[in-house]
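Top to bottom, those sequences are chains A and B. In terms of the working numbering, the first sequence opens at residue 24 and continues consecutively. In terms of the working numbering, the second sequence opens at residue 24 and continues consecutively.
Careful: at least some of the hints might be erroneous.
You can't tell identical chains apart in this list, so a pair holds if it fits in one copy or across any two.
[What the hints assert, rightly or not] Pairs of lysine-lysine, DSSO-like flavour, derived with a Cα cap of 27 Å: (1) K277 to K329; (2) K250 to K270; (3) K250 to K52; (4) K335 to K306; (5) K52 to K315; (6) K330 to K270; (7) K284 to K330; (8) K264 to K277; (9) K65 to K96.
The set of hints was computed from the structure by calculation and includes no laboratory data.
Number of protein chains: 2
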Amino acid sequence: MELIKRITRGNTRAIARGISVIENNSDTKEELIDGLYPFTGKAQIIGITGSPGAGKSTIVDRIIQFERNNNKKIAVIAVDPSSPFSGGAILGDRLRMQTHATDPGVFIRSMASRGYLGGISAATSGAIKVFDAAGFDTIIIETIGVGQTEVEVIELADLIILTLVPGMGDEIQAMKAGIMEIADLFLVNKSDIDGADRLKSEIEYMLMLGPENDKAHTPQIKLVSAKNNSGTEELYNTMFKQLTLFKESGLLDKRRKERIKMEIEHIFIDKLKDILNTRLNLKENMGIWIEKVYNREIRPYNFVNKKMENLKKENLL
Amino acid sequence: MELIKRITRGNTRAIARGISVIENNSDTKEELIDGLYPFTGKAQIIGITGSPGAGKSTIVDRIIQFERNNNKKIAVIAVDPSSPFSGGAILGDRLRMQTHATDPGVFIRSMASRGYLGGISAATSGAIKVFDAAGFDTIIIETIGVGQTEVEVIELADLIILTLVPGMGDEIQAMKAGIMEIADLFLVNKSDIDGADRLKSEIEYMLMLGPENDKAHTPQIKLVSAKNNSGTEELYNTMFKQLTLFKESGLLDKRRKERIKMEIEHIFIDKLKDILNTRLNLKENMGIWIEKVYNREIRPYNFVNKKMENLKKENLL
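So that you can see chain A by itself, here it is in the shape it has in the complex:
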């Protein structure tokens, strides 16, 4: 596959096309991912999440600068809420993309949070493989972290950063609950405004209530003002220090293997769905079954259990 070769050489247009193949679930998707697979596993994947307005973009921009100063290649996958009608990503990052348009060491890609066959998590996982195989040292996944889906996306990262800002209200902070549980680094942005220290104390208190962590696990808290570029270098160093710790303690391997497990299971389920469609002739039968369930002639579990038993009897399952 010519595309694979070009991606591994870092060709920008090939990278973009590779991601499109994954997003569109094209026929060549399996071949592409399998072909890229031997070239993956080198990149460090960092997840950044936080409410809109928490300053994620500015923070990511700072990280990009530090990485470029260290001569590292960096890719950003920004997972945006989908547009109400077009289905495309709406927040976009056109401005940021323009800033770095002439630098082949930076690649920023927006992906819509909905509308992919197999889900945004699978699509992001594929995009990560493309960037990884293309030789990017660091891949940032950026999300507005709310809901189970976004938790699944952010769990594709080796290190998870949660961005919070003082004064966003308890409820909005609470929305991040699912993410708080898995964050490795709490970033209190806009540290120059009132309440930053209180927010830090609140996080500390919350962590104290949580389960005990070993040294590699202990979540860090950093006060940063991304706009004023204060605390950002320390943040940058902390990120990579934590990643080193994770590597040494085996936590990184553990996380990556957990992701592989999820991926294998997902592929199996997709294949099983195909088989079920064929064996049960779902296309023709589903409509009839729906009517019967709708009319309360059959009951959902009883019905499915019977169908499965029949397939087994006929040696079709």
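Start from chain A and add chain B according to the hints.
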């Protein structure tokens, strides 16, 4: 099953226990749901979503009052972000639950957005069946509507209401993108504060850009001040007028059948997962496979495809 009988008689403790059976995915879950199934299909299900601070609770309280004045029984399922550490729901509704504690015609239940085997959507779907079979006329599902998961939860409703407030910022509004697409009723709350009319115009403009709707589909926009109880009665009447329209046009049936389809598919997939676990002896083999994929000895799709072919050859699939 004694529990089923007691639920259909509307026994409060039995209802609570039924929902726990579903939440905990107990062994009796299938029997319970199948047993309740013939008694379902009567309740009207209304989904209310919106940012924290949009005033959903107050609106739901108003709806409860109107329903009780009309002698209707009403249940509320509040889907809350999960607690960082306990895993339970955190926003809770203890206060509201106390207000209505002595009224058997009102049942408010909080459910955490994460932590259920099968997902919050399946758990909510089960809880709806319990309330439906127990004779509740109206069931409200309340969510902070962001992300694919919450879209799936809110799509369990016959009518979807999106609550917005002026001045929450474009980005926060944009977070609702996935919901905007499917909302039947846009509720601009806090209509007494500045910007309510502008927000209404923005929604109208957005709807104009969207796909054309038939009469039953045309989303409504209502300005309400829930706190001052202004516009709430009109909102209440509009909700039920819309539901009547949906019924007459066949849209309600269409939506309910779509939900049945999803449910049948989910049950099939769950059963298939069980079979896969046994046939492939996943418990013993998964660890070995993960190591091989991790070491890049095998490639994910190639590996799964081969395994599936082998099962087929051996007539095990």
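So, going through the hints one by one against the coordinates:
no.	hint	in the structure
1	K277 to K329	between (40 Å within a copy, 26 Å between copies)
2	K250 to K270	neither (31 Å within a copy, 53 Å between copies)
3	K250 to K52	neither (40 Å within a copy, 53 Å between copies)
4	K335 to K306	both (20 Å within a copy, 22 Å between copies)
5	K52 to K315	between (37 Å within a copy, 21 Å between copies)
6	K330 to K270	neither (48 Å within a copy, 32 Å between copies)
7	K284 to K330	between (29 Å within a copy, 15 Å between copies)
8	K264 to K277	within (18 Å within a copy, 55 Å between copies)
9	K65 to K96	within (12 Å within a copy, 59 Å between copies)
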